[in-house]
Amino acid sequence: MKSVIFRTVAPFLTSLMTLFSIFVLLRGHNEPGGGFIGGLIAVSALAIYGIAHGVETVRRAIYFHPLAIAGAGLFAATVAGLISLFAHVPFMTGLWVYPSIFGVEIPLSTVMLFDTGVYLVVVGSISSVALSLEERGGE
Amino acid sequence: MAVPTSSPVDLSAALVLGPTTFADWLVILPVAWCFAIGALLVMLRRPIGLHSIIAVAGLAGLVLIDALLLGHVATKGPVTMVMGRWLPPFGIAFTADLTGSLFALVAAIVALAGGIFSLADINDSGRRYGFYPFLMLLMAGVSGAFLTGDVFNLYVWFEVLLISSFGLLVLGSEPEQIDGTVKYGFLNLVATTLFLVATGYLYAVFGTLNMADIARKAEGLRGGAPLTTLTALYVLAFGMKAAAFPVNFWLPASYHTPRVVVSALFAGLLTKVGIYALIRVLVMLFPVEREELSFVMALAGALTMIVGVLGALAQTDFRRILGYLVVSGIGSMLAGIAVGGPGGIGGAIFYALHSMLVMTGLYFAAGIAARLGGDSSIATVSGLYRKNVAFAALTLMLCFAVSGLPPFSGFWPKVMLVKAALDIGAWWLAAALLLAGFCTVIATGRMFLLAYWRDDAAAADETVQLPSAVLAPLAALSLLPLGVGLYPEPLLATIQSAAAGLAEPSAYLNSVFPAGGLQ
Chain A
6 MKSVIFRTVA
16 PFLTSLMTLF
26 SIFVLLRGHN
36 EPGGGFIGGL
46 IAVSALAIYG
56 IAHGVETVRR
66 AIYFHPLAIA
76 GAGLFAATVA
86 GLISLFAHVP
96 FMTGLWVYPS
106 IFGVEIPLST
116 VMLFDTGVYL
126 VVVGSISSVA
136 LSLEERGGE
Chain B
68 MAVPTSSPVD
78 LSAALVLGPT
88 TFADWLVILP
98 VAWCFAIGAL
108 LVMLRRPIGL
118 HSIIAVAGLA
128 GLVLIDALLL
138 GHVATKGPVT
148 MVMGRWLPPF
158 GIAFTADLTG
168 SLFALVAAIV
178 ALAGGIFSLA
188 DINDSGRRYG
198 FYPFLMLLMA
208 GVSGAFLTGD
218 VFNLYVWFEV
228 LLISSFGLLV
238 LGSEPEQIDG
248 TVKYGFLNLV
258 ATTLFLVATG
268 YLYAVFGTLN
278 MADIARKAEG
288 LRGGAPLTTL
298 TALYVLAFGM
308 KAAAFPVNFW
318 LPASYHTPRV
328 VVSALFAGLL
338 TKVGIYALIR
348 VLVMLFPVER
358 EELSFVMALA
368 GALTMIVGVL
378 GALAQTDFRR
388 ILGYLVVSGI
398 GSMLAGIAVG
408 GPGGIGGAIF
418 YALHSMLVMT
428 GLYFAAGIAA
438 RLGGDSSIAT
448 VSGLYRKNVA
458 FAALTLMLCF
468 AVSGLPPFSG
478 FWPKVMLVKA
488 ALDIGAWWLA
498 AALLLAGFCT
508 VIATGRMFLL
518 AYWRDDAAAA
528 DETVQLPSAV
538 LAPLAALSLL
548 PLGVGLYPEP
558 LLATIQSAAA
568 GLAEPSAYLN
578 SVFPAGGLQ
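One line per chain: the protein sequences are A and B, in this order. One point on numbering: in this note's numbering, the residue at position 113 of the first sequence is 118, and numbering is uninterrupted. One point on numbering: in this note's numbering, the residue at position 363 of the second sequence is 430, and numbering is uninterrupted.
By construction, these hints were calculated from the structure, which means they are not laboratory data. What you are looking at is a predicted structure, and each value in this text was computed from that prediction instead of being measured. Cβ atoms here follow ideal geometry from the backbone N, Cα and C, with glycine treated the same way. Mixed in with the good hints there might be a few duds.
Estimated spans, in silico, between C-beta atoms of each pair [as the list claims (entries may be wrong)]:
hint : chain 1 : residue 1 : chain 2 : residue 2 : range
1    : A       : I106      : B       : S535      : 38 to 46 angstroms
2    : B       : T88       : A       : L118      : 22 to 30 angstroms
3    : B       : G138      : A       : P104      : 36 to 44 angstroms
4    : B       : P293      : A       : H93       : 38 to 46 angstroms
5    : B       : I115      : A       : I106      : 47 to 55 angstroms
6    : B       : E241      : A       : L118      : 38 to 46 angstroms
7    : A       : V109      : B       : T88       : 51 to 59 angstroms
8    : A       : P37       : B       : S79       : 55 to 63 angstroms
9    : B       : S573      : A       : P37       : 39 to 47 angstroms
10   : A       : P37       : B       : A539      : 48 to 56 angstroms
If the Cβ cut is set under 8 angstroms, some of the chain B residues that face chain A in the computed set are [unchecked claim]:
hint : residue
11   : W92
12   : I95
13   : R112
14   : G128
15   : M148
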């Protein structure tokens with residue numbers, strides 16, 4: 006797209022939306038949000054960047070192939086379930102650790118890993134669709 | 068639970084507190100394993116050569132896991148694991164009983180054979196478009212469907228395998244493949260929607276989706292709730308999935324278009340998932356309603372058998388013939404479910420397992436025949452016997468097996484089904500079974516006569532070598548039915564106790580709700 010205003014604003018908008026998507030992902034455990042909606046926000050960010058600067062730029066920016074990202078997400082979600090094997094509890098049982106980093110207690114869990122997996126699956130698969138649609142519609 | 072709680076809470080009211088052993092994990096491992104391998108393959112996009120190695124090793128691992136599971140279930144009885152530790156019926160239960168683990172094991176064997184066959188059948192572009200990841204995800208769906216103990220979860224696994232099968236069907240993107248995929252996709256989506264409607268209805272009636280919970284609550288609800296309507300909806304939905312008459316037309320319209328290994332796997336696995344679901348829902352959950360629908364289903368089964376085999380007689384394309392034979396086999400299984408009792412249900416299970424192996428083998432043979440003969444029509448292909456005798460012998464064995472001739476695996480389930488049908492006085496059903504078997508002999512005999520025995524005047528008299536990646540799975544899938552046919556006792560005993568476990572599911576219920584459980 007040729008509009009100077011849009012091209013100038015797009016990078017800021019994209020970084021802001023990506024940041025917000027991660028916020029929504031992490032917030033999702035106890036409040037509205039989560040991996041799915043967070044992933045969709047991240048994809049919209051990539052789509053805006055793609056409209057402003059071309060699909061090639063986006064592909065370079067995310068470095069990995071979108072479907073590889075989706076595969077990584079699915080793998081993370083599976084691993085999140087399999088970790089419970091070592092704790093002698095059933096598949097997909099939520100396990101928590103509370104490491105203290107710089108004096109701040111940070112709750113980490115397999116649930117979060119699973120949700121991150123969902124996030125990545127959504128980012129990968131939907132951006133794969135969005136980018137190829139933009140590619141065909143653009144030129 | 069974001070903050071560690073200091074005050075003790077009684078968790079035993081909501082959670083499974085006993086430690087989970089590795090043996091319990093065998094229930095979920097087939098699914099988790101397939102997902103992990105599939106996801107790994109999706110991530111590895113560049114080293115495309117690794118795909119086939121990882122996938123075949125993964126499928127071999129799946130066979131091992133399913134064999135261990137079957138061994139465990141055979142000695143210890145049904146095993147249950149509830150996801151996330153929540154007590155059933157609130158947590159989603161995975162329950163493996165003999166029926167489920169038998170189906171899962173045979174499906175894994177078929178998939179492994181398919182994985183090996185694909186080494187010679189799937190080219191680089193097929194690999195790049197994700198044949199192996201789709202195959203692993205398909206197996207995740209199939210294993211999940213066989214092992215789950217929750218009706219809605221069963222629906223989810225149907226979706227998983229359906230989406231993977233769409234991907235496998237369009238691999239290659241030729242116009243006729245897309246045509247076949249649209250027919251397949253549309254009808255399967257209708258069936259899935261019906262399944263979902265029925266499940267919503269079921270939930271409205273029972274307030275639970277856990278199969279064990281439904282089985283024990285059905286008795287109390289039988290007077291007041293429209294359970295027969297519910298069961299009829301399930302019969303229609305699963306019948307469509309299994310390609311039973313009169314909703315069978317999608318199968319012959321789509322199974323001859325994709326790659327050989329894809330149609331072989333579909334013929335072996337997908338319709339049998341429908342049959343499995345039908346057995347699970349009708350025999351274990353709604354036995355009384357099955358009795359009421361018995362005549363309709365027997366009629367549908369008989370018509371499916373006859374229509375299927377007549378279709379096979381009318382076709383000339385290898386894979387179209389086989390597509391109709393798949394449909395005909397579904398009719399026999401449906402007849403077994405309709406007749407019921409240990410003979411009927413055992414016969415249906417046995418027939419389904421036999422059909423998984425044999426139909427996949429036959430599709431492999433059809434693919435090889437089309438490659439050797441240069442065409443896929445039995446009107447033009449000829450002289451295959453001279454080209455490769457070993458291949459012709461293996462095909463002949465499979466033809467005998469699918470027709471139900473001794474000493475192959477197709478013989479025993481046919482005997483069980485005919486006897487069960489005669490025992491309840493349904494002579495016409497027994498006659499249909501025998502007639503269908505007879506016509507199958509003619510259909511496969513015609514194929515063998517024209518394509519294999521007829522002399523090919525034009526071709527030179529030389530044998531053609533086949534790569535072992537092609538011949539080995541075919542040999543495995545034709546020798547296995549021979550072995551089962553010659554020595555059926557162990558499998559027969561297992562199937563009989565599987566059928567008994569479905570008819571009298573107290574062991575299944577106990578594994579989900581130990582010692583009475585909730586309520």
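Structure-based check of all given hints:
1. One distance hint, 38 to 46 angstroms for the beta-carbon pair I106(A) and S535(B), is violated here, with the actual separation near 56 angstroms.
2. One distance hint, 22 to 30 angstroms for the beta-carbon pair T88(B) and L118(A), holds here, with the actual separation near 24 angstroms.
3. Distance hint check for G138(B) and P104(A): the Cβ-Cβ separation is about 41 angstroms, which falls inside the suggested range of 36 to 44 angstroms.
4. Taking the beta carbon of each, P293(B) and H93(A) are about 44 angstroms apart, inside 38 to 46 angstroms as hinted.
5. Evaluation of the 47 to 55 angstroms hint for I115(B) and I106(A) yields a failure: the beta carbon distance comes to about 40 angstroms.
6. The beta-carbon spacing between E241(B) and L118(A), approximately 41 angstroms, falls within the hinted interval of 38 to 46 angstroms.
7. Between V109(A) and T88(B) the beta carbons are some 37 angstroms apart, a value that contradicts the proposed interval 51 to 59 angstroms.
8. At roughly 31 angstroms, the beta-carbon separation of P37(A) and S79(B) lies outside the given 55 to 63 angstroms, and the hint is violated.
9. About 44 angstroms separates the C-beta atoms of S573(B) and P37(A), a value consistent with the hinted range of 39 to 47 angstroms.
10. Against the hinted window of 48 to 56 angstroms, the Cβ-Cβ separation of P37(A) and A539(B) comes to about 54 angstroms, which satisfies the hint.
11. Interface hint status for W92(B): upheld, as the beta-carbon distance to the closest one in chain A is roughly 6 angstroms, under 8 angstroms.
12. Because the smallest distance between the Cβ of I95(B) and any Cβ of chain A comes to about 4 angstroms, under 8 angstroms, the interface hint for this residue holds.
13. Residue-level restraint check for R112(B) holds (minimum Cβ-Cβ distance to chain A is 5 angstroms; threshold 8 angstroms).
14. Hint on G128(B) is violated. Least Cβ distance to chain A is approximately 14 angstroms, over the 8 angstroms limit.
15. Below 8 angstroms, beta-carbon pairs count as interface contacts, and M148(B) has one with chain A at about 5 angstroms; its hint therefore holds.
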